[in-house]
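Student: Here is what each chain is made of, one letter per residue.
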Amino acid sequence: MNKMQNWALASLLVLGLSGCVTINIYFPAAAAEKAADRIIDEVWQLKPDAAKTPEGEAQ
Amino acid sequence: MNAVFRALVLSVAMLSCAPAVAQGNLDINTPAIAALQGSMQQRHAQLAPFYASGAVGLTDRGLVALRDANAVPLAQRGQVNSLVSAENADRAALYREIAQANGHPEWAGDVQNTFAQRWIDKAPRGWWVQRGGGWAPK
Numbered sequence: 003m004n005k006m007q008n009w010a011l012a013s014l015l016v017l018g019l020s021g022c023v024t025i026n027i028y029f030p031a032a033a034a035e036k037a038a039d040r041i042i043d044e045v046w047q048l049k050p051d052a053a054k055t056p057e058g059e060a061q
Numbered sequence: 025m026n027a028v029f030r031a032l033v034l035s036v037a038m039l040s041c042a043p044a045v046a047q048g049n050l051d052i053n054t055p056a057i058a059a060l061q062g063s064m065q066q067r068h069a070q071l072a073p074f075y076a077s078g079a080v081g082l083t084d085r086g087l088v089a090l091r092d093a094n095a096v097p098l099a100q101r102g103q104v105n106s107l108v109s110a111e112n113a114d115r116a117a118l119y120r121e122i123a124q125a126n127g128h129p130e131w132a133g134d135v136q137n138t139f140a141q142r143w144i145d146k147a148p149r150g151w152w153v154q155r156g157g158g159w160a161p162k
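Top to bottom, those sequences are chains L and P.
Remember, the working numbering sits 2 above the position in the first sequence when you count from 1.
Remember, the working numbering sits 24 above the position in the second sequence when you count from 1.
With the rest of the complex left out, here is chain P (with noise of 0.2 Å):
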């Protein structure tokens, strides 16, 4: 009898645990995700060269900041400067959207840091990025 409860209670155990096991993918295709990945693809031609020429770098936040202005010829530089604000209300939006299609308003956050790390790894050499406050190029 002893051995068929035990036998009973870790089974109990082992089953009641085992979603958490299967956790698969975030979900990500949502319209409003689509919208901004869009937005952000079709930016990014523009942004291009102000990242390779290191006007424009990464943050470690998982954003963009102009670095260097006088990196930036003058006549560009109010064109610049929609561009990062642009793109960083887009990349909030998006953290928080991901967060939101997945039920948990409360990992926006974590969802930023993932994405400031996977945008910094991503970048190709010579990009500016920021890391421990500083900026250094890739």
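Just chain L, same shape as in the assembly (with noise of 0.2 Å):
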């Protein structure tokens, strides 16, 4: 029984990593997304902060 159960267990940790290494050669779009962003605000010269500054105006 315990020989049976380390088996498993090995092969459930062999199973697990390597499930992890194809998760992570996924396309991450919303990093890829946000990476985008930064660029285009810089080659644009779009300021995303001077759009969010009420601040003064509501006072």
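Hints in this document: simulated from the structure, not taken from any laboratory.
No false leads were slipped in.
Derived DSS-like pairs (lysine-lysine); straight-line CA-CA distance at most 30 Å: (1) Lys162(P) <-> Lys36(L); (2) Lys146(P) <-> Lys36(L); (3) Lys146(P) <-> Lys49(L); (4) Lys146(P) <-> Lys162(P).
Beyond 12 Å from chain L on every Cβ pair, some chain P residues (computed): (5) Pro55; (6) Gly78; (7) Thr83; (8) Gly150; (9) Gln154; (10) Trp159.
Partial pick of chain L residues on the chain P-facing surface, computed with a CB cut under 7 Å: (11) Phe29; (12) Ala33; (13) Ala34; (14) Glu35; (15) Ala37; (16) Ala38.
Using N, Cα and C, we set each Cβ at its ideal position, and we do this for glycine too.
If you follow the hints, you should be able to join the two separate chains into one complex; please do so.
Tutor: Set out below in structure tokens:
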């Protein structure tokens, strides 16, 4: 019984680790979008914080 | 014993996939990317009037295209053509560099599609953008 459990544990570990490798090579769409936004704001000189400064106006 | 075993298996399963959740940012701080960004930023001042007049539009592939040559005075047509091809060369290189900088050259196509969407989303009113193959002003 103990031997079988060891085997089960070992194979689960291998499966789990290989699963991780698989997951990590998926394209990180949200991160790419953030990166794109940063670059586009620079290239087009859009100032994201200029649009959201209503604090001074409100008072 | 069985309970201990199950708990162990569960914790292994949970721990082993934790790094996948912690997906941070894409690295865009390389000299090559900074250089491309700078060159595109400089060129933008020259391209902006052509975007505004609708002569040049943003394609659904994350590039730019001369969509209405008639909107460009004859004397400027050569200039606008070279601006468009220089811009497209920089953009293609940018998408490749971002994929490369993050250790996945095969992501270049996905990076390009993401940019295509964001250029169009961020384009000001009146610029021409390509959607589903057709051109329309934003």
